[in-house]
Amino acid sequence: MSNAYLTYAAKRLGQAVVVILLAYVFTFVVVSILPGDPITSVLRNPQNGFSEEEIAEIIAAQGLDKPIAVQLWNSLSGFLTGDLGVSMRSGRPVSTLIAEVLPSTLILASTGLAVAIILAMAVAYGTQFVPKRYGQGLLRGFPSLFLSVPNFVIGLVLIHVFGFQIGLFRVINPDSFWATLFAAIALGIPVSAQIAEVLIANLDREAEQEYAAVARSRGIGRARLFATHLLKPASLPVVTVVALTIGELLGGSLITETVFGRTGIGSLVQRSVSTQDLPVLQAVVSLGAVVFVIVNLIADLLYPLLDPRVKILGGKKRTPTTADEVSINTTKAVAS
Amino acid sequence: MTERSSLLSLSRRRLLITTSVAAAAALVATTGFNPAQAADSPREGGDITFLIDSLGDTWIPNNSAISSFQGHIWGHVTDKLLYVDADGKVTPWLAERWEQNDKATEFTLHLKSGVTFSDGAPLDATAVVANLDIWYAGRKAEGINPIGLFPKTYDRAEAVDASTVKVFFKKPTLGFIPTLGYHGSILISPKSIAQPASEQADLSKTSGSGPYVVESWKEGDHVTLVKRKDYNWGPAAVGHTGPAFLDTITYKLVSEPSLRVASVQSGQADVAYNASPQELKSLKEEGFGISTPRYLGFVNGWAVNTTLAPYDDVKVRQALQAGIDRQEIIDTVYTPDWKLPTSFIQSNVPGATDQSALLAYDPAKAEKLLDEAGWSKGANGLRTKDGKPLEITLHSNPYLATSKSVDELIAQQLGKLGWKVNIRAYDVVTYGEKVKYAGPAVPTYEVTRSFIDAGTVASILTNANNGENWFGLGESDAKLNDLRDKIAGAASLDERNPLLDELQHYILEQGYFVPRTQIVQRIYVQSPTLKGEVYNGVAYASYYTAFIAD
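So the protein lines, in turn, are chains A and B. 1 is the number of the first residue of the first sequence in this note's numbering; add one for each residue after it. 1001 is the number of the first residue of the second sequence in this note's numbering; add one for each residue after it.
Heads up, a few of these hints could be off.
[To be verified] The calculated DSS-like cross-link candidates involving lysine-lysine, where the alpha carbons are at most 25 Å apart (straight line), are:
id: 1; chain 1: B; residue 1: K1281; chain 2: B; residue 2: K1404
id: 2; chain 1: B; residue 1: K1436; chain 2: A; residue 2: K66
id: 3; chain 1: B; residue 1: K1152; chain 2: B; residue 2: K1436
id: 4; chain 1: B; residue 1: K1140; chain 2: A; residue 2: K66
[Claimed, not checked] Per the computed footprint, the stretches of chain A lying under chain B, defined by three or more beta-carbons under 8 Å from a beta-carbon of chain B, are:
id: 5; segment: 30–42
id: 6; segment: 49–55
id: 7; segment: 69–82
id: 8; segment: 258–271
It is worth saying that the hints were derived from the structure and are not from the lab. Keep in mind it's a predicted model, so treat the numbers as computed, not measured. All C-beta atoms, glycine included, are put in the ideal place defined by N, C-alpha and C.
My request is simple: use the sequences and hints to build the entire structure.
In structure tokens:
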């Protein structure tokens, strides 16, 4: 492990911390400048019968009338010492709220990722070995199709067909095995598109390499060629793409949970947004930023270790194949 | 509707309706569905599922007891000192009897003995004092609010002995006794009250003395209640005092109204809360139980802002009063389960009087009043005065699902008289910020509010004593002030009732309050086999007395 690598790691880590802090402050400012907060909206419920004076008094008693800068400082100092605060809506500690719903979202997101990877592999394999006249072109169109159908549409169709018509799961029991699987499929399909796109592009490139031609000329089977020769070099950029799709998985799970009626981070966010529950929103956004940054950090740090061609050089001189460059290439591949 | 078109329209609601209605129809066809010929003797055991659109925000008892959602759970987990039935009749519950002094400033409550909270603590005088104190004051710095409608004249309470509580008020407070049966006045174990707010917010850490205890709950998902076998202190008024019949009640959150109803239709759940009024007729024909209990409170209607021209003119307000066809609202938006208003308070409130004559639909009278007030009709059918149009902006109440439909109908009715009507529908948060009683640019504030005692009504209409100044009158209407002070100071119902009658007449005659319909804020659709539930004065269903008939 060279000094250059450690410097690189430290730099990435520093950037990660800055991103997380910016996400935290940004959420605070955006939610704070919107009118209203959950405490006043509970107090303003006409059934409560509080006068404006009483509302102002209660707000002041909780320190919610202080300037935004002071409130930001208080919440930021809490956040930095690991205290996520208390939900303004429910009055419960934010960490408890998140711990209560996180398992459901993790199950959904990890199943969704597994579905996405399997689907991407299947599509990519097909594009290499299904003959053109049997619909290879169609298969190559799948990623664009998957990406362009929003996952709530997929979710609704799945609920309609498998929940109501076939009756595999009951809509009022969304945590059952089948309901979870179909939610994961709805979530995984759009995510698989990005992975498949990059995988196909790289497989195409690798398939034209001399070593592949040699292997083919020696009579190696298709499946073996795919698994032992093409897949490994082609999947290196995929590591970066998978890391990038974590954001997609988290964002998509918010929608998927709502469609399937699951109680996870998504429904927590939905409730918190509709009542402007600032502490919860900040915690969830920061948590999302932390997960996203860490996963990408791991991908970036792993990259030089996985691929000996990728070298991190300190100082002025940089080779054209650093992790950054590869990330840019793969992003282009996704865009294309 | 074909399935193809519903798929193409990409509407989840429609998808669910289509498919679930189809499923329900299939079930009805295959099972030869018949309304149960129930033997109406209660049967032990059974579990029910109650589908609800939300489980509200917080479970801190003081902050949540008045919520339309959490109130269902509190009604089963906790008891009250007094019971108030759907007609506002006050009867003993955990307070077996009570006395007051002549001036209604001191009350003595005698408690039932042997009552315990589910954490084992006795429900004695000390516990009641702890509850009265927190209802009045809350713990504001901690985020525990006072109970908004608890009398602000409260001074202190003392435990005379284990079963006697003496309560003192700074001024006559005839409303104290009925308030003890109000949904905010739930008795919580002193141990739970002593907990910090963040622990009170955890429903499983709060103990009441009710017939059910919380078995499990998950925020935004469900609350499951299980019966308490040693419960033996139900209110005599409901005709049963022992343990409940049903073993468990599960409140499950299903936010889609059509899915709630379809689940009950298909037998997957027992009660669906807040169905849309339009569905009720056909559900009734299918044999499902429909309940539209009215709470004790204000009718649904407008508090008119007299600080905003032209509503400072009594003639314009009276034209508004006469220009609304209330029967058409019931025929169009609602069903015959809804009732015409007879005053600005619901007709089941003790002390409400029949002022229907003031609320008759009379477009000719309305036009005449507007002409007299100087608002002349132009060629386009709109009225103007000094070049300004006769305009009204209605802010639909986000707490009442049908509010906007009623606004749209009224817009047509007033349009015929020459009014230019604008409708704004905000979400709850924005509404709370922008729409206030007598607020700038708010000509009419739509009221949906329950109360237990009509005596509290007068005091919130003006701005004296922390009142809410509903009509923007401040202290300017001497007659209203006079009635308010006399009602607040009345020491007996005989003295108070004629004053309440005068108040109702005056408010409506002046056009300060424009009623729309009597309000039904809670709609229940239930399986035909579930019987025996009771609705209280705030229209909550209690399944304490309910059972599943064979």
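Take the segment 258–271 of chain A, compare each residue's beta carbon with every beta carbon of chain B, and decide whether three or more fall closer than 8 Å. holds (count 6)
Given the proposed pairing of K1281 of chain B with K1404 of chain B, does the C-alpha separation stay at or below 25 Å? The given pair, whose Cα atoms are some 21 Å apart, holds under the 25 Å limit.
Count the residues of the segment 30–42 of chain A whose Cβ falls closer than 8 Å to any Cβ of chain B, and tell me whether that reaches three. With 7 residues in contact (Cβ-Cβ under 8 Å with chain B), the coverage given for the segment 30–42 of chain A holds.
Take the C-alpha atoms of K1152 of chain B and K1436 of chain B, compute the straight-line distance between them, and say whether it is at most 25 Å. holds (22 Å)
Do three or more residues from the segment 69–82 of chain A put their C-beta atoms closer than 8 Å to C-beta atoms of chain B? violated (count 0)
K1436 of chain B and K66 of chain A were given as a pair; does the straight-line alpha-carbon distance stay at or below 25 Å? Given pair K1436 of chain B, K66 of chain A holds - Cα atoms ~23 Å apart, limit 25 Å.
Are the Cα atoms of K1140 of chain B and K66 of chain A separated by 25 Å or less? Between K1140 of chain B and K66 of chain A the Cα gap is close to 16 Å, so the pair holds against 25 Å.
Within 8 Å of chain B (C-beta), three or more residues of the segment 49–55 of chain A: holds (count 6)
Of the hints listed earlier, the one the structure fails to meet is number 7.
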